[in-house]
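Asks: Chain order of the listed sequences is A and B.
To convert, note that position 224 of the first sequence is 224 in the working numbering; the numbers rise steadily by one, no gaps.
To convert, note that position 153 of the second sequence is 153 in the working numbering; the numbers rise steadily by one, no gaps.
Worth flagging that the hints you see were computed from the coordinates, not collected in a lab.
There could be a bad hint or two in this list.
Listed below are several chain A residues computed to face chain B (Cβ distance under 7 angstroms; list not exhaustive) [unchecked claim]:
no., residue
1, A5
2, I103
3, S107
4, G108
5, N110
6, V209
7, N272
Example chain A residues on the side facing chain B (calculated, C-beta under 7 angstroms, incomplete) [as the list claims (entries may be wrong)]:
no., residue
8, S2
9, G8
10, G115
11, P268
12, L277
All C-beta atoms, glycine included, are put in the ideal place defined by N, C-alpha and C.
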Amino acid sequence: MSWYALLGAVEQGLVYGIMVLGVYLTFRVLNFPDLTVDGSLPLGAAVSAVAISFGVNPFAALFLALGAGFLAGMVTGFLNTKLGILHLLASILTMIALYSINIRVMSGPNVSLLGRNTVLDLFMRFGLPGYVASIILFTIISLSIVVFLVWFLHTEFGQSMLATGDNPRMITSQGVNTHTVIILGVGLSNALVAFSGALIAQNQGAADVNMGVGTIVAGLASVIVGETVFGRGGVLRAVVAALLGSILYRTAIALALSMKLGAFSFTPSDLNLITALLVVLALTAPRIKARFFP
Amino acid sequence: MKRFAVFVVVMFVLFGAMSHVLAQEAKVVSVNQFVEHPALDAVLKGFQDQLRESGFQLEYRVHNAQANMATANLIAQQIVGEKPDLVLAIATPSAQAMAQTVKKNPQMQKTPILFSAVTDPLSAGLVDDLEKPGANITGTSDLTPMDRHLELIRELHPEMKALGVIYNSGEANSRALADLLKVETAKVGITLEEATVARSSDVFQAAKSLVNKVQAVYVPTDNTVVSAFEALAKVCHENKLPLYAADVDSVPRGAVAALGFDYYEHGRQTGAMAARIFQGADPATTPVETQKDLELHLNLPAAEIMGVTIPEAMLQRAGKIHE
Chain A
1 MSWYALLGAV
11 EQGLVYGIMV
21 LGVYLTFRVL
31 NFPDLTVDGS
41 LPLGAAVSAV
51 AISFGVNPFA
61 ALFLALGAGF
71 LAGMVTGFLN
81 TKLGILHLLA
91 SILTMIALYS
101 INIRVMSGPN
111 VSLLGRNTVL
121 DLFMRFGLPG
131 YVASIILFTI
141 ISLSIVVFLV
151 WFLHTEFGQS
161 MLATGDNPRM
171 ITSQGVNTHT
181 VIILGVGLSN
191 ALVAFSGALI
201 AQNQGAADVN
211 MGVGTIVAGL
221 ASVIVGETVF
231 GRGGVLRAVV
241 AALLGSILYR
251 TAIALALSMK
261 LGAFSFTPSD
271 LNLITALLVV
281 LALTAPRIKA
291 RFFP
Chain B
1 MKRFAVFVVV
11 MFVLFGAMSH
21 VLAQEAKVVS
31 VNQFVEHPAL
41 DAVLKGFQDQ
51 LRESGFQLEY
61 RVHNAQANMA
71 TANLIAQQIV
81 GEKPDLVLAI
91 ATPSAQAMAQ
101 TVKKNPQMQK
111 TPILFSAVTD
121 PLSAGLVDDL
131 EKPGANITGT
141 SDLTPMDRHL
151 ELIRELHPEM
161 KALGVIYNSG
171 EANSRALADL
181 LKVETAKVGI
191 TLEEATVARS
201 SDVFQAAKSL
211 VNKVQAVYVP
221 TDNTVVSAFE
231 ALAKVCHENK
241 LPLYAADVDS
251 VPRGAVAALG
261 FDYYEHGRQT
271 GAMAARIFQG
281 ADPATTPVET
291 QKDLELHLNL
301 PAAEIMGVTI
311 PEAMLQRAGK
321 IHE
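Model the full assembly from the supplied sequences, consistent with the hints where possible.
Replies: Pasting the structure below:
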């Protein structure tokens with residue numbers, strides 16, 4: 001694997017890591033399997049790309065995306081709590097609705113940002129090559145979000161979110177309205193996912209309605225890889241593990257891409273299979289070690 | 001801490017196993033293909049055949065994003081490390097990923113990048129001008145000559161009042177083609193009935209929605225619909241609804257006729273462009289090309305089932321007839 005490919009994997013891991021932090025919030029903290037993310041990631045991308053093409057500052061466009069994602073998540077939370085629709089179905093409904101909404105937002109399936117100003121240009125103006133600028137920027141942003149999340153989960157509201165996921169009956173008896181917690185929690189999660197989508201679009205030069213396909217798969221895989229490799233104890237550890245899990249997951253794909261072992265060469269269509277095998281290897285490494293090297 | 005140490009060791013072993021010394025004698029061509037798909041695979045094959053027949057010794061690094069945008073970007077970054085002599089990007093998302101990578105990696109600004117199977121390179125932001133691309137990116141566009149396709153359908157159905165079109169509203173290419181078709185049908189006073197799908201499994205239902213509303217159905221070069229072409233053909237056969245395609249590969253699968261877009265030839269055309277660039281042409285002044293020769297393909301059993309009579313003159317000029 002070349003240096004560029006490794007940097008590329010770290011960059012993608014960081015920018016998708018923000019999405020993974022969102023998935024961690026619903027999947028682990030709220031215990032709410034949320035498929036809205038397949039729609040809210042392209043929603044964030046669409047909103048920021050359209051905003052930029054209307055001349056909005058690229059940083060301001062990120063926050064517009066954040067707001068749009070928050071609303072999308074709140075819709076899922078509302079369908080689940082107030083209308084009593086099962087969480088999985090509620091999130092699927094929002095996800096498929098967002099497909100049409102995203103096409104409306106972009107008035108088409110794809111908005112190109114090639115040649116437009118993005119958040120990366122600010123850094124590249126100082127003479128940094130883009131592939132370094134993106135890593136620096138995404139590191140700063142994702143670490144800020146890690147700090148924010150750790151702080152947030154220690155606030156009273158954050159604690160009631162943790163409790164809503166762990167033991168809803170107990171927390172209801174403490175006088176907390178779990179409906180509000182779920183609506184705001186799923187909203188916050190999707191705000192992060194849309195924010196991540198906005199950064200992805202600015203980084204890759206286009207927003208596309210199909211870019212969200214498989215987001216939840218990558219999100220869940222990253223959260224679980226992170227937990228297994230780096231452990232779960234405590235909020236700080238769990239949040240950092242989710243971000244590192246995302247980098248590991250993208251590194252596995254990059255490794256699969258660069259594989260060419262001796263005479264046995266993989267064909268390009270084997271990519272997903274190899275990625276899966278590498279992730280299995282990463283997940284079972286601790287177990288194998290405990291078994292054979294106690 | 002122990003876990004982390006184990007992780008580092010495992011990764012280190014993997015890196016060692018996978019890094020391999022590259023022989024740098026032959027020119028290296030890196031390929032960023034978006035998804036496995038008969039048409040896109042044909043582009044790659046045509047490209048490689050053309051260059052081999054022109055006598056080039058090339059080493060290919062083929063990557064396929066398996067329809068995942070994030071992977072297309074990882075591949076683009078991977079290609080930077082391969083230090084290729086030329087890059088081929090197949091389909092719009094892969095081409096956009098490559099274009100953005102050039103912007104972020106200044107050392108790539110001298111590497112020629114050719115795109116193929118891109119319908120609208122202008123609105124995709126790949127080139128500034130079709131005649132003078134201006135940078136190191138140029139290629140071939142698969143934009144359909146919609147006027148000639150409509151002409152073919154009208155030749156067989158002079159009485160046609162309404163034409164149906166099925167496409168995925170989420171594909172940028174298809175949306176552009178549907179808009180183009182709307183302009184062309186409006187010119188000759190035909191109503192266009194649009195049925196959109198979001199995934200291949202919607203095609204059957206969309207086809208049913210057109211029955212009794214239109215006299216013929218047209219399918220543009222749409223990845224989603226073409227991959228479920230058999231479902232569409234079934235509905236059209238059962239309801240005697242004549243079906244027309246934009247690519248010749250769909251004719252044996254049940255369309256009456258297509259005025260040939262041949263993706264294999266499209267790939268060969270891109271390959272010929274690559275050959276010129278290897279011989280010293282500058283991508284910045286190499287105009288974006290569209291397919292020149294269109295071949296008429298006919299499917300006689302399908303025409304009979306759907307009640308279409310094909311005139312003798314048309315049989316004469318057909319390039320290929322499926323009996």
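Asks: Does the structure break any of the earlier hints, and which numbers would those be?
Replies: As far as the earlier hints go, 3 and 12 are violated by this structure, in ascending order.
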